[in-house]
Amino acid sequence: MNSLILSVGARFLTALFLLFSLFVLLRGHNSPGGGFIGGLIGAAGFVLYSFAAGVEAARQALRVDPRAIGVWGMAIAVLSGLASALASLDPFTGLWLILADLALSTVLVFDIGVYLAVFGAILTLVFALEETL
Amino acid sequence: MADSTAPGISRPFGYTASILAALILVGIALTVPAVVDGRPVLFALDWAPSLGISLAFMVDGLSLIFGLLISGIGSLIFLYATGYMGNHPQFGRFVLFLFAFMVSMLGLVLARDLITLFLFWELTSITSYLLIGFDHDNPRARRNALQAMLVTAGGGLALLAGFILMGTAAGGYDLAEILTGPGLQDSSLYGPILVLVLLGAFTKSAQFPFHFWLPNAMAAPTPVSAYLHSATMVKAGVYLLARLHPALGGTMAWSVTLATAGAVTAVLSSVLAMRQSDLKQALAYTTLMALGTITMLLAGAHSYALTAAVTFLIVHSLYKASLFMVVGAVDHGTGTREVERLGGLGRAMPVTAAAAVLACLSMAGLPPMIGWIGKELIYAGAATMTGAPLVIAAAVTANALMFAVAGIIALRPFFGAPIATPHVPHEAPWQMLAGPTVLALGGLVVGVLAQPLLGSVVGSALTGSLLQDRAAGLHLWAGFNEAFVLSILTFAIGAMLYTMRDRFATLVDPVLRSMPSLDAGWDSFLDWFRDLAAWQTRVLQTGRLTGYMLAVFAVTALALGATILHGRPVIMPELPRSAFLWLTVGFTAAGAVVALNTHSRIAAIAGIGTVGIGVAVIFIFAGAPDVATTQLMVETLSAVMFAIAALRLPGLVERRSRQRQLAHGAVALAVGLCVTVMVLSVTASPLDRTITQYFEENSYVLAHGLNIVNVVLVDFRAFDTFGELIVVLLASFGAYAVLKRKGRAGA
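Chain order of the listed sequences is A and B. Residue numbers 596 to 728, in the working numbering, belong to the letters of the first sequence in order. Residue numbers 895 to 1641, in the working numbering, belong to the letters of the second sequence in order.
No lab work stands behind these hints: they were computed from the structure. Please read all numbers here as calculations on a predicted model, not as lab measurements. Glycine is no exception: its CB is placed at the ideal position from the N, C-alpha and C atoms. Careful: at least some of the hints might be erroneous.
[As the list claims (entries may be wrong)] Now the stretches of chain B that chain A is said to cover, found in silico as 3 or more residues with beta-carbon under 8 Å: (1) 1516-1530; (2) 1534-1544; (3) 1589-1599; (4) 1611-1621.
[Said to hold, decoys possible] Ranges of calculated distance between the beta carbons of each label pair, as one might list FRET restraints: (5) ALA670/A - THR910/B: 33 to 41 Å; (6) SER602/A - ILE1496/B: 56 to 64 Å; (7) LEU728/A - PHE1481/B: 25 to 33 Å; (8) LEU1563/B - ALA670/A: 24 to 32 Å.
Isolated chain A (complex conformation):
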């Protein structure tokens, strides 16, 4: 696709999509958003970039194979779920660390895992489709 507007716009839009996806991921606990939506938005950014610059360029920009990202997301989700075993709680029980206003938890880690798994899964599929079809 040789559209000047698309290729110029895509660079900025992809960055914006990624930034926004992180924002959505982090705000998810209290406002609309979360890892699932964040992962979809982030993936959409790279899909756009692959349209504008080609799959090869998109893969290079991503640096890591999307399959690996998906698996890492999965691994992070598992580990966050098993962390509760350290406190002798059932798997996937959230552990919290409250620092004044900031509440950190294994739940957030799980959500990051969700983000990465969805992101990796979508890009694996779309890149493969673009490459083979």
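Let chain A serve as the given structure and place chain B on it in line with the hints.
Leaving out everything else, chain B in the frame of chain A:
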């Protein structure tokens, strides 16, 4: 096998397994005083308490006898196998399989819970599959292993159904309770239970008409045949019959079925045993004879018949394991098992010959072997059964033939003029001599000292497990009675059959040849089954996406429609007044119309996309921003994927016939209508808000989150989300694999 040049590095495994089995034997033997005293040893772990299933075990009289035989013979078999095939490159694997089998078998006979028993029952089927097919380069071994597994596992399925019915009828799966309870003979489920349990037991113990798999299982290495197909696995079926005798036995149906199947199996197989030239095959058929005899005796309800069954089981295990090992030693020492090519081996293989003769004395039922006592008891027991004349006739016939076969096995290979064999005959190593000698001598010792050695154990099996008042005594001299006369008659007929075996052959061979072969029948059954599977795959799995989708949607419409017809009445809700909402609905509908009518794929994709985005907007109206955002993103990405795929395809030219289009349209309308009515009827009924309320109240308190949707996803129901992640990732990787493979194939 044993001549392989590979170093026997796995031999220590064989010795270790042998020692472990011996330790198990000692452990089980330690329970003897308690069990004989009438106090079974119990052990239980909770497994699925909500279903009333526990991993429960018990050592009582019957389990004790089986446990001692399994571990004791097992120990000798491991030793034997080390000598027989210790140099086999995969000997370690072999020992592992055999040990797994032994443990499964022990679990089976010690189980006190029906489901636990079933579990181990299946494990013995699986491990025996691995053992029969151990020589997996040989297609014949693979085929026979599969046959054995399909027959026994098929029976196992019937058994599971039977056990579940038994648990329902008895109100629990605890064997001890079922057996000491009122019995199931009067239960309304008795008929189905009996049929299913007998299917399981008869397939496992190779009773007619399921007997064909056992001779084929001789494809296994000889130690396996000696262990599985003489002393243990095939005995699982008769064990089950004996075990359940108090709960299921005593009825007309039980007696007639068991007596008939047992008698037919015993007589038919002992005739076949006479006609085998391969010694191992001959032993396989005599095993069938023994199993048939035990089954026949278990048809009885008198303590004589049951004592005979239990005693003959011990008799048979001792001599049969010994003889299988002897045949393996002959094969090992000479390179052949064909009786025509063997003769005069006694000089070269004196120990083997001695063991063979001793074991065959027991097999022939001659005094002072335990086999004599077993045979006397069989006749005494048969006399107490319904249809005694027929049962006695079957028993005498089978035993006389057994006598003749014992003569063939003991005399022909070891005495007479030496015949040149493929190898120069040599005696087997000590590991291979220990088993047959110990077991054959055992047959002599427990024969001479039957009552002191076995009396109390057999007695506890009879009184404790089979719930009889007492056991018949085990005596070498029980007086000049009916059984004694029958024994003498048996010897006379047997000796005659032995001397006139060639005449016998010319008589029975034409009959045997004219009988339909169940083994060939099995093959054609499997072929038919494969064809059926291929046919239904061709019909159902067309490979056309539209066909699959039509089926999925039609079934959905039918299921929903049926539910609606039986559900609550639908109340039309008040229609919303927002003009903007109606506008959105209009756009959504328009998108669907465009998608249906266009000939351009891009327009169709855009139309479907409009529908999706319209739905997302409606979600926002409904106050679900998270769902709306997700819907929007999913819609966008699927439009992208659609576009990538669809734009490579030719234009949308309608190729379907008018009728097809109408059918598809009807299904689509039906699904739409059903879903609409369903949603209306769901929203019309008051919503149960307990769960919602819990989330609302605890989302911030417990999970520190204000966005309930996200809190539910990542905290309250994180495990579900985790499951969804697996699905998403697997689906994507699956698609990746398909795409990349196609890409390579096309390139």
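Status of each hint after checking the structure:
Figure legend: the stretch 1516-1530 of chain B, annotated as covered by chain A; annotation consistent (7 residues with Cβ-Cβ distances under 8 Å, at least 3 required). Closer than 8 Å: that is the beta-carbon criterion, and the stretch 1534-1544 of chain B has 5 residues meeting it against chain A, so the requirement of 3 holds. Counting residues of the stretch 1589-1599 of chain B whose beta carbon lies closer than 8 Å to any beta carbon of chain A gives 3, which reaches the threshold of three, so the coverage claim holds. Look at the stretch 1611-1621 of chain B against chain A: 6 of its residues bring a Cβ nearer than 8 Å to a Cβ of that chain, three or more, so the hint holds.
For ALA670/A and THR910/B, the Cβ-Cβ distance of about 39 Å falls inside the hinted range of 33 to 41 Å, so the restraint holds. Taken as a hint, the range 56 to 64 Å is violated for the pair SER602/A and ILE1496/B, whose Cβ atoms sit roughly 21 Å apart. For LEU728/A and PHE1481/B, the hinted distance range of 25 to 33 Å is satisfied, since their beta carbons lie about 30 Å from each other. LEU1563/B and ALA670/A have their C-beta atoms about 46 Å apart, which leaves the hinted 24 to 32 Å range violated.
Hint check: violations occur at hints 6 and 8; the rest are consistent with the structure.
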